[in-house]
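Novice: On the provided structure of chain S, position chain C as indicated by the hints.
Chains S and C, in that order, are what the protein sequence lines are. So that you can map any letter, position 698 of the first sequence is 698 in this note's numbering, and since no number is skipped, the others follow by simple counting. This note's numbering runs 10000 ahead of the 1-based position in the second sequence.
Hints were generated in silico from the structure; no laboratory data involved. A hint or two may mislead.
Derived lysine-lysine pairs resembling DSS-like cross-links, with alpha carbons at most 30 Å apart [to be verified]:
hint, chain 1, residue 1, chain 2, residue 2
1, S, LYS978, S, LYS1007
2, S, LYS905, C, LYS10066
3, S, LYS927, S, LYS870
4, S, LYS701, C, LYS10021
5, S, LYS786, S, LYS649
6, S, LYS390, S, LYS26
7, S, LYS457, S, LYS701
8, S, LYS390, C, LYS10084
9, C, LYS10066, S, LYS26
10, C, LYS10021, S, LYS457
11, S, LYS717, C, LYS10066
12, S, LYS799, S, LYS852
13, C, LYS10021, S, LYS898
14, C, LYS10084, S, LYS457
15, S, LYS717, C, LYS10084
16, C, LYS10021, S, LYS905
17, S, LYS376, C, LYS10021
What the simulated footprint calls covered on chain S by chain C, stretch by stretch (three residues with Cβ under 8 Å from a Cβ of chain C suffice, anywhere in the stretch; the number is not a length) [what the hints assert, rightly or not]:
hint, segment
18, 243 to 256
19, 479 to 493
Virtual Cβ for every residue (Gly too), placed ideally from N, Cα, C.
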Amino acid sequence: MSQLNRLAQGGRIDRSRQLSFTFNGKTYQGHAGDTLASALLANGVDIVNRSFKYSRPRGIFAAGAEEPNALVQLGATEAGQVPNVRATQQALYDGLTARSTNGWPNVQRDLMGLVGKLGGGFMPPGFYYKTFMAPASMWMTYEKYIRKGAGLGRSPMESDPDIYDHMHQHCDVLVVGAGPAGLAAALAAARSGARVIVADEQEEMGGTLLDSRELLDDKPADQWVAETVEALSGMDNVTLLPRTTANGYHDHNFVTLHERRTEHLADTAPLKDGLRQVRSRLHRVRAGRVVLATGAHERPLVYGNNDVPGNMLAGAVSTYVRRYGVVPGNKLVLSVSNDHAYRAALDWVEAGREVVAIADARANPDGELVEQARAKGIRIIAGSAVVEAKGDSRVSAARIAKVDLQGFRVVGGSETLSCDTIASSGGYSPVIHLASHTGSRPTWNEELLGFVPNTVKGVAAAGGARGVYATGAVLADGVEAGLDAAAEAGFSAASVSLPQVAERRDGAAVALYQVPHEKATLRAPKQFVDLQNDVTAAGIEVATREGFESIEHVKRYTAMGFGTDQGKLGNINGMAIAARVLGRSIPEVGTTVFRPNYTPVTFGSIVGRHCGELFEPERYTAMHQWHVEQGAAFEDVGQWKRPWYFPRKVNGKVETMHEAVARECLAVREKVGILDASTLGKIDIQGPDAREFLGRVYTNKWAKLAPGRVRYGLMCKDDGMVFDDGTTSCLGDNHFLMTTSTGGAATVLEWLEIWHQTEWPELDVYFNSVTDHWATMTITGPEARKLMEEVTTEVDLDKDSFKFMDWKEGKVAGVPARIFRISFTGELAYEINVQANYALHVWETLFAHGDKYGLTPYGTETMHVLRAEKGFIIAGQDTDGSVTPEDLGMHWAIGYDKPFSWIGKRALTRPDTSRENRKQMVGLKPKDPKVVLEEGAQIVLDPNHAIPMPMEGHVTSSYYSPTLESGFALAVVKGGHKKMGETVYLPMVDGQVHEAEIVSPIFLDPKGERQNV
Amino acid sequence: MFYIHCPYCGEHREEEEFHPKGEAHIARPADPENCSDDEWGDYLFFRDNPRGIHHELWVHAVGCRKFFNITRHTVTYEILETYKMGEQPTYTAEHPEGRPSAEADQASLREGVRA
Chain S
1 MSQLNRLAQG
11 GRIDRSRQLS
21 FTFNGKTYQG
31 HAGDTLASAL
41 LANGVDIVNR
51 SFKYSRPRGI
61 FAAGAEEPNA
71 LVQLGATEAG
81 QVPNVRATQQ
91 ALYDGLTARS
101 TNGWPNVQRD
111 LMGLVGKLGG
121 GFMPPGFYYK
131 TFMAPASMWM
141 TYEKYIRKGA
151 GLGRSPMESD
161 PDIYDHMHQH
171 CDVLVVGAGP
181 AGLAAALAAA
191 RSGARVIVAD
201 EQEEMGGTLL
211 DSRELLDDKP
221 ADQWVAETVE
231 ALSGMDNVTL
241 LPRTTANGYH
251 DHNFVTLHER
261 RTEHLADTAP
271 LKDGLRQVRS
281 RLHRVRAGRV
291 VLATGAHERP
301 LVYGNNDVPG
311 NMLAGAVSTY
321 VRRYGVVPGN
331 KLVLSVSNDH
341 AYRAALDWVE
351 AGREVVAIAD
361 ARANPDGELV
371 EQARAKGIRI
381 IAGSAVVEAK
391 GDSRVSAARI
401 AKVDLQGFRV
411 VGGSETLSCD
421 TIASSGGYSP
431 VIHLASHTGS
441 RPTWNEELLG
451 FVPNTVKGVA
461 AAGGARGVYA
471 TGAVLADGVE
481 AGLDAAAEAG
491 FSAASVSLPQ
501 VAERRDGAAV
511 ALYQVPHEKA
521 TLRAPKQFVD
531 LQNDVTAAGI
541 EVATREGFES
551 IEHVKRYTAM
561 GFGTDQGKLG
571 NINGMAIAAR
581 VLGRSIPEVG
591 TTVFRPNYTP
601 VTFGSIVGRH
611 CGELFEPERY
621 TAMHQWHVEQ
631 GAAFEDVGQW
641 KRPWYFPRKV
651 NGKVETMHEA
661 VARECLAVRE
671 KVGILDASTL
681 GKIDIQGPDA
691 REFLGRVYTN
701 KWAKLAPGRV
711 RYGLMCKDDG
721 MVFDDGTTSC
731 LGDNHFLMTT
741 STGGAATVLE
751 WLEIWHQTEW
761 PELDVYFNSV
771 TDHWATMTIT
781 GPEARKLMEE
791 VTTEVDLDKD
801 SFKFMDWKEG
811 KVAGVPARIF
821 RISFTGELAY
831 EINVQANYAL
841 HVWETLFAHG
851 DKYGLTPYGT
861 ETMHVLRAEK
871 GFIIAGQDTD
881 GSVTPEDLGM
891 HWAIGYDKPF
901 SWIGKRALTR
911 PDTSRENRKQ
921 MVGLKPKDPK
931 VVLEEGAQIV
941 LDPNHAIPMP
951 MEGHVTSSYY
961 SPTLESGFAL
971 AVVKGGHKKM
981 GETVYLPMVD
991 GQVHEAEIVS
1001 PIFLDPKGER
1011 QNV
Chain C
10001 MFYIHCPYCG
10011 EHREEEEFHP
10021 KGEAHIARPA
10031 DPENCSDDEW
10041 GDYLFFRDNP
10051 RGIHHELWVH
10061 AVGCRKFFNI
10071 TRHTVTYEIL
10081 ETYKMGEQPT
10091 YTAEHPEGRP
10101 SAEADQASLR
10111 EGVRA
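Same shape as in the complex, but just chain S (with noise of 0.2 Å):
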């Protein structure tokens, strides 16, 4: 197929580049240099998308990041699919691949166009929810068609062969935006010697001069660009970043750069010697100074069926024609209220096509441009707009009527002309995105009729981006952006020469954003005040009359900015049409909030390297690979991946963890056991205040804990809630270990730290975390002293010299260890600590000699049932930061009598921590043995009460136990300590009803006789 609007000569493409691409599953040409859109156009395709609601036609309307419309789908492969890319912002390159995004079965025939006619002429704001709100049940098969009618793009169904990564950059001065203003502000910071980077989301760098009519130095603009670019790339404090889009603005400085390495070659990444590209990077940067150079949008008109493909903005009209060598039409209409659209007429005109007449809301226009358009012949008709585009597929003519801005009315009679393109230029909104992203509200300027932004410190705006647009002012103005961005750094500013520039002569512009109508605007044809989210006119006064009058409010009942392009285009002239209804002005009713991101950016880049393997550090312990060669199954507890359980193959069946839980719970129970504890967190604390500071922080005395000795100690915030507990050694008199749970040990190093250098920095004690020094084993079982008896050396491990929490140091294995008689499983039990680097060599010693005895390792499973028939709480699942230690039954660990008074104890007697009917710690024992109790379910007392029930209490942890032949569970239940042997209820999601007597938590053994042997 020919390229019937590509023009033979003109615009930056490289005709001798041919491309070939497919669009909607039809093959067509274009060549280098072109955008999927200006591709597109030149081949005469109208029709890229529908709409989101109404599922109209819709063609390209914009040629930068404000189009609304021609969002496509990437992707010659499924895992190559990209949904709601701007064809406007897709360089072409050979074998690209695109979809509509929209439109079933296809954008040419449409079903769900019916519903937008047949729907009533009008679909009010809140349609869907309204429609088919009735009955509720019925909302997900609605929602179903209804998606499957609107929506965008959709997701790859096959993983992402990509790679992404991020980068982290300082630099004095970022520029964003490489158009006159950047350049300029670009050449001025690097020139005075600061460290720059420039940030540009075109293909190529140069903005609006690409594209200009201005001559610079009696040069063409492009060339001033290509000599300024080639100037900053030769600097070495230059870092010059095409395709890159700064597309979020945070606090201090720190903007994130979305690079866009590869997405003009093709859509996966290709090879560079053998291995995959970078596709997109993120740069993470911190600026000393920032320049927003981020131009103007252009805000089209709103008039009836603006959103027929044909209409465009002006802008992007000159962009094509001087761009790209493309006409997007034959016969155009100009619809403007300033001299700066003109250009379009112009441009349209040179390349040979027609200018049927320019509908200028202006009564008397008269700057330079209006007279080069008359000295043409172009007809232009004074105080007059385009009130109503004819057409359904492509604009077949617009009609034109005076109008009254005053008045907002249409004044006389109307004349329609037949046309196939309109172009429409409202003025000038600048980019503020960017400024505004950390909560900075702009300020609405009548003369320029737009909104500026107000910076915050270290940022300042330059150009367009600020409403400064003739070319000789924003040159200026970004040189003195520049300087003064480099001078607030602390760089000298150097002297910058610019280019002469003819001033031009422009007429004043008028403000218009709804043009109006001879029938009120809620009998109009649909005026699109945003076309991509399908709001109307019509649907922003509709939302003012049901009373939403905040900006804010009528943004989120209209849908108004919330698509892909964020209100580019149209959030303006809504805030215009807002202010109109309500007999406000436009600060008044004022702007919404722009947030990040500028335009979408991919997951892959928000993600970098921080996926599959690298998503998340993993911890091992010294012992790891011994668990790996044994075939545990891993559980993660924090970062640490522990051993759950250590399945074996029995009879040529590998054990289910029920079967392997039970045999290491019998093995502990009857012969010895070895669990893996190397991940629990060791403090080491010393200093002449340690034993005070310990004191202050635990519930139980400290004061007399003698070296050699063991204490089981509890912690609290001031609120009187438990949050940790451990043991703690006295190493020496100055000299303790604590440990602390394994998800616990940063956080309370963090506590203790916090205590010691904002309450007590008199006390002398210093804390160090060991936890990775020191690898953990813990022996336990009836057998656990003949295997001891058989490793150990220098040390006496009779009962009677080596007590229960006692710690001795001596070897095991030959390796110097410290062994501690503590016990998790209320048998007898040794936890020796060793170097790490010695640790396997001891675990394996221990092996070699545990055999005859029985010895089993055994897991995290094994470890929380062993606990938990012994009453024994893990802190943060038996307690949630609303327990107490009174409510756990723990009296006896609470110091009462301590002369500090140390961390939770003055809470304890506030009326609430001290109530009786509080949650309390109690055992359960299921009526049915073979009943396990779900974690978290709620008790109640009577399970025939109407629901809801009072709900008594939940289940913390539930197990079932070999040693006991049934399931048991340690729960908290209002006032559950004086309610030993009464029956409570679980009532199940599946309608099953639990019995459950309330039992003391000690399930085993109550007198710890066998821990203490």
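Specialist: Just chain C now, with coordinates in the frame of chain S:
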């Protein structure tokens, strides 16, 4: 993302290295046992939430592990100063431009004071 000057390290570092720990200058009552329930409840649970200048406690968690204070504007998020434990802020709600006698109050400038 904040860019925070650690007064102990003497360097600006990324926010990722720090943890916020709530409002600064919340002293634990010296004699908890003689506090009324209301006074103790105030100390435990009640914090200011000002629009404007706010003093916050932070810790350089993956740096020097030191706790210190930040004066931050809750609207602009500008960090006006960071200062060591035991020191007093220069910028306060009453003196947003800086207290005239601030320098003389700094504990670190007075001899023999631990902070």
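Novice: Against each hint, give a clear statement of whether it holds in the structure.
Specialist: Going through the hints against the structure:
no.	hint	result
1	S/LYS978 <-> S/LYS1007	holds (21 Å)
2	S/LYS905 <-> C/LYS10066	holds (27 Å)
3	S/LYS927 <-> S/LYS870	holds (20 Å)
4	S/LYS701 <-> C/LYS10021	holds (28 Å)
5	S/LYS786 <-> S/LYS649	holds (28 Å)
6	S/LYS390 <-> S/LYS26	holds (28 Å)
7	S/LYS457 <-> S/LYS701	violated (54 Å)
8	S/LYS390 <-> C/LYS10084	violated (71 Å)
9	C/LYS10066 <-> S/LYS26	violated (65 Å)
10	C/LYS10021 <-> S/LYS457	holds (26 Å)
11	S/LYS717 <-> C/LYS10066	holds (20 Å)
12	S/LYS799 <-> S/LYS852	holds (22 Å)
13	C/LYS10021 <-> S/LYS898	holds (28 Å)
14	C/LYS10084 <-> S/LYS457	holds (25 Å)
15	S/LYS717 <-> C/LYS10084	holds (24 Å)
16	C/LYS10021 <-> S/LYS905	holds (22 Å)
17	S/LYS376 <-> C/LYS10021	violated (70 Å)
18	243 to 256	holds (count 5)
19	479 to 493	violated (count 0)
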